[in-house]
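According to my numbering, the residues represented by the sequence shown are 65 to 988, in order.
Bear in mind the hints are in silico, worked out from the structure with no lab data behind them. What you are looking at is a predicted structure, and each value in this text was computed from that prediction instead of being measured. Hints are not guaranteed to be accurate.
Simulated pairs of lysine to any residue, SDA-like, Cα-Cα distance not exceeding 20 Å [what the hints assert, rightly or not]:
1) K465 <-> A338
2) K619 <-> P131
3) K261 <-> D197
4) K75 <-> A698
5) K523 <-> R772
6) K961 <-> A868
7) K335 <-> S462
8) K797 <-> D316
9) K412 <-> H377
10) K261 <-> N94
11) K543 <-> S562
12) K741 <-> E482
13) K797 <-> R772
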Amino acid sequence: MQKEKIIIAQKRLIPVSRQAACEGIVLLENKDAVLPIKNGEIISLFGRCQIDTYRSGTGSGGAVNVPYAVNALEGLRANTSVRLNEELVSVYENWLEDNPFEDGGGAWAAEPWFQHEMPVDDQLVQQAALNSDKAIVFIGRTAGEDQDNADAPGSYRLTDVEMTMVEKVTAHFERVIIVFNTTNIMDMSWLETTANKHAIKAVLYSWAAGMEGGHALADILSGDVSPSGRLTDTIAYQLADYPSSANFGRKDYNQYAEDIYVGYRYFETFKPQAVQYEFGAGLSYTEFRQDVEGFTVEGEGDDSQLHFDVTVHNIGEAFASKEVVQVYCEAPQGELGKPARVLVGFAKTQLIEPGESETIRISVPLKSLASYDDSGATGHRNCYLLEAGCYQFYVGSSVRKVQRVPSQLTLASLLVIEKLSEAAAPIQAFDRLMPGERNNDGTYQETYQAVPLRSINLKERMDQDAPTTYDITGDQGIKLIDVKEGRASMGSFIAQLSEDDLATIVRGEGMCSPKVTPGTAAAFGGVSDSLFNFGIPVVAAADGPSGIRMDSGHKATQVPIGTLLGCTWNQPLNEALFFAVGQEMLANQIDTLLGPGINIHRHPLNGRNFEYFSEDPFMTGSMGSAQTRGLSRAGVSGTLKHYASNDQETARSEADSVMSERALREVHIRAFEMAVKEGNASTIMTAYNPVNGHWTASNYDLNTTILRGEWGYTGIVMTDWWAKMNHPVEAGKEARTFTSYMIRSQNDLYMVVENDGAQTNAMGDDTQEALKNGSLTVGELQRCAMNICRFIMAAPVMERPLIAFDPVKSFAALDAYSNVEAPSLDNPLLLNITSNTTLHFYAPQDGVYQCSAIANYHRDALSQSSCSLSFNGDFGMSLPVNGTEGKSATVEGLQVKLEQGVYRLDIDFVKAGMTLEQVIFTKQ
Numbered sequence: 065m066q067k068e069k070i071i072i073a074q075k076r077l078i079p080v081s082r083q084a085a086c087e088g089i090v091l092l093e094n095k096d097a098v099l100p101i102k103n104g105e106i107i108s109l110f111g112r113c114q115i116d117t118y119r120s121g122t123g124s125g126g127a128v129n130v131p132y133a134v135n136a137l138e139g140l141r142a143n144t145s146v147r148l149n150e151e152l153v154s155v156y157e158n159w160l161e162d163n164p165f166e167d168g169g170g171a172w173a174a175e176p177w178f179q180h181e182m183p184v185d186d187q188l189v190q191q192a193a194l195n196s197d198k199a200i201v202f203i204g205r206t207a208g209e210d211q212d213n214a215d216a217p218g219s220y221r222l223t224d225v226e227m228t229m230v231e232k233v234t235a236h237f238e239r240v241i242i243v244f245n246t247t248n249i250m251d252m253s254w255l256e257t258t259a260n261k262h263a264i265k266a267v268l269y270s271w272a273a274g275m276e277g278g279h280a281l282a283d284i285l286s287g288d289v290s291p292s293g294r295l296t297d298t299i300a301y302q303l304a305d306y307p308s309s310a311n312f313g314r315k316d317y318n319q320y321a322e323d324i325y326v327g328y329r330y331f332e333t334f335k336p337q338a339v340q341y342e343f344g345a346g347l348s349y350t351e352f353r354q355d356v357e358g359f360t361v362e363g364e365g366d367d368s369q370l371h372f373d374v375t376v377h378n379i380g381e382a383f384a385s386k387e388v389v390q391v392y393c394e395a396p397q398g399e400l401g402k403p404a405r406v407l408v409g410f411a412k413t414q415l416i417e418p419g420e421s422e423t424i425r426i427s428v429p430l431k432s433l434a435s436y437d438d439s440g441a442t443g444h445r446n447c448y449l450l451e452a453g454c455y456q457f458y459v460g461s462s463v464r465k466v467q468r469v470p471s472q473l474t475l476a477s478l479l480v481i482e483k484l485s486e487a488a489a490p491i492q493a494f495d496r497l498m499p500g501e502r503n504n505d506g507t508y509q510e511t512y513q514a515v516p517l518r519s520i521n522l523k524e525r526m527d528q529d530a531p532t533t534y535d536i537t538g539d540q541g542i543k544l545i546d547v548k549e550g551r552a553s554m555g556s557f558i559a560q561l562s563e564d565d566l567a568t569i570v571r572g573e574g575m576c577s578p579k580v581t582p583g584t585a586a587a588f589g590g591v592s593d594s595l596f597n598f599g600i601p602v603v604a605a606a607d608g609p610s611g612i613r614m615d616s617g618h619k620a621t622q623v624p625i626g627t628l629l630g631c632t633w634n635q636p637l638n639e640a641l642f643f644a645v646g647q648e649m650l651a652n653q654i655d656t657l658l659g660p661g662i663n664i665h666r667h668p669l670n671g672r673n674f675e676y677f678s679e680d681p682f683m684t685g686s687m688g689s690a691q692t693r694g695l696s697r698a699g700v701s702g703t704l705k706h707y708a709s710n711d712q713e714t715a716r717s718e719a720d721s722v723m724s725e726r727a728l729r730e731v732h733i734r735a736f737e738m739a740v741k742e743g744n745a746s747t748i749m750t751a752y753n754p755v756n757g758h759w760t761a762s763n764y765d766l767n768t769t770i771l772r773g774e775w776g777y778t779g780i781v782m783t784d785w786w787a788k789m790n791h792p793v794e795a796g797k798e799a800r801t802f803t804s805y806m807i808r809s810q811n812d813l814y815m816v817v818e819n820d821g822a823q824t825n826a827m828g829d830d831t832q833e834a835l836k837n838g839s840l841t842v843g844e845l846q847r848c849a850m851n852i853c854r855f856i857m858a859a860p861v862m863e864r865p866l867i868a869f870d871p872v873k874s875f876a877a878l879d880a881y882s883n884v885e886a887p888s889l890d891n892p893l894l895l896n897i898t899s900n901t902t903l904h905f906y907a908p909q910d911g912v913y914q915c916s917a918i919a920n921y922h923r924d925a926l927s928q929s930s931c932s933l934s935f936n937g938d939f940g941m942s943l944p945v946n947g948t949e950g951k952s953a954t955v956e957g958l959q960v961k962l963e964q965g966v967y968r969l970d971i972d973f974v975k976a977g978m979t980l981e982q983v984i985f986t987k988q
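Generate the whole structure from the sequences, applying the supplied hints.
Here is the structure:
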């Protein structure tokens, strides 16, 4: 029955994923209407990514085991209106047989960022030009966790072989299309310097579009679908022109000297000439005209709503398409200084036929235009406010292709929107960027001012906010279902839990916990017998955000990367997509997805940008809210990550993100605020890095003052996997074992300890020690336990039967193999294997056997590898391993009940990397 549910869920999800992939492809150039491909034209494909098409990034954000994947070649072949130069395709297919895809051994995040390209010579290209009409050149890149991109060939820049390929193809073809099959933006300055640049007629980003990516690209190239994606990042000519470049990549600390001037907010204010493709840019196969029909203000004061009525006309003759309407605000500079333009609203039309039009209304809350005064420059320190003056608006199809709205909003006096308190302010002095005098061309001179430093007493704040402590009563017969159904209070339920129970419930177990869906990232909640006896079920969390990761080898649908989904500029589509993802989660009995990722594209080299949406916080928050709403509507939850400012992978667990309170609030946590207030978010993951001296998992101001106090968040907060914490007041030294600091800061759940390690405190954390010495109160621990239980009550696990975990799985012997010679389980199975293997073994007697393994993995402790064991074709267990630095380590598996006889054992290296030295079955 469950398999049928999974199949039904996948069938619903796949077409939505393909539509999203189509809508996120961004066409940046289309000279002489070279696209779409016309009937009868023969196309030559260059570049190995026509076959080795990237469908996601690496690491936890892309590790989905898919039932299939459609590459670009397959997608184009399946499209009946496209004819290919198959002779050239054969050349690539033959070359790839001798030069296969380099996957780094298949290990977690081990895949290189690029694949060596097939060299091409003039004879090959000239022959292809004689046999075809147009050429498509594929440029491919991936990226991912634990490593940033580099400003070097094979990463941000083209390799010499790739550049030679472009030069030769453009020398022999007059009509060339460049396709960037990448997880992030790349250097594109060569488009304007290469010798035969006139031959490059079309340029598009197909990104990494999930397992349906090849079909989606063919839909666009053939004209079956008109492109409607728009950039969510600024593409500058030079990497050094991004304002964060001066500070990006340090291993000790990273000063956010650019402050709120990230991406287009910087370029449009200070340096527009540095931009090659502006924020919001993108083309369709038709032309549109946008007419502002009206601008009205409804309501009074900070409750006012600004309404923009825009009619979009398809003035082309041949293609129906969708258009994106974007609204930008230019606020008065005032005392605080403002970007020249800020995105404040957007909407995507329905499909508009040639000659037809659609009128849409974009509503913008006045309060969303507010700026945060962290210095008191306006006389209202720690307030969101609108300064007096003229607020001018622009409507159009990109940050530059806009028209000024004739009417404007004028505030005669300053308007305070929200009075807050200082929170998470910096303790390290530095200067931040500010607009100075205005130049004749409308840009501003760059000036700098000192950043306001922390002035509040964190200890006093925490003492004032100390939670109630409930006297521990012991078991009173109250179950969690009694709280859910209103027969008991949460306080009386939690009061039953002992100190040991409380210390256990704040520890999650994983990876690949056998207590939940096989191969998922973690189990939490009722992970001990004692907790389970109180009616607390075990919750399953699975990696995302590009689909469900199951390191057991079970299959799931891989959807496009976050950047592509942002480029759809389509909130309803994102909500529908993740509603369908949520249905697939339900079918797999998974309660929360570790996504969406909503960090900011602060710099193009961040290796994990593919998981995130944009350089703009409003765009990011809009898409993150849509996805969490979709998951919530399906009955599951999305875990927003990484809170906050996880903006580089270099030294991601050490480098301090040093920023002003204004930059933190207006840019780096605004998307989280939107998803909490507008997206029904109930789960948040903190980041690896510290923010202003305090690691985020133990950052009291982030997790309590702002998140719960100001935003009213009532869900749970979990750490990233194997995160570090430091003192919530004194900062200082950090460690993974400082869970008492996490609890005091109201990060509820530590992820993760080893399987069956929560009750035994396998990691040796300091929670119980801190209770004994008085540095942690029982009330603080109870507060986290209540947060976790409230989340569980609303999770789908509460609707499933409450069945205790049985560590013993039963398997029957193979009758047909009774005479097969097979090694006996009296001795370990000596293997030393790194790839999939099938073997037979002999169980000498009926009974229960404890399975364990000896394995090694030449990576660090944050790297993950996993293999699964199947008995006679039935899944038995996962054996997950973290990096062991090459040393042999014992991996505990499950118990299996076997009858005497021969068994077939299939060993599947789902996430390669480990060497499986031995498998041991010990008779119990």
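Verification of the supplied hints:
1. K465 <-> A338: holds (17 Å)
2. K619 <-> P131: The given pair, whose Cα atoms are some 6 Å apart, holds under the 20 Å limit.
3. K261 <-> D197: holds (18 Å)
4. K75 <-> A698: holds (16 Å)
5. K523 <-> R772: holds (18 Å)
6. K961 <-> A868: holds (18 Å)
7. K335 <-> S462: holds (17 Å)
8. K797 <-> D316: Answer holds: K797 to D316 is near 13 Å, not above 20 Å.
9. K412 <-> H377: Cα-Cα ~13 Å, so holds.
10. K261 <-> N94: Holds, at roughly 13 Å.
11. K543 <-> S562: Holds, at about 15 Å.
12. K741 <-> E482: At roughly 15 Å apart (the allowed maximum being 20 Å), E482 and K741 satisfy the hint.
13. K797 <-> R772: violated (26 Å)
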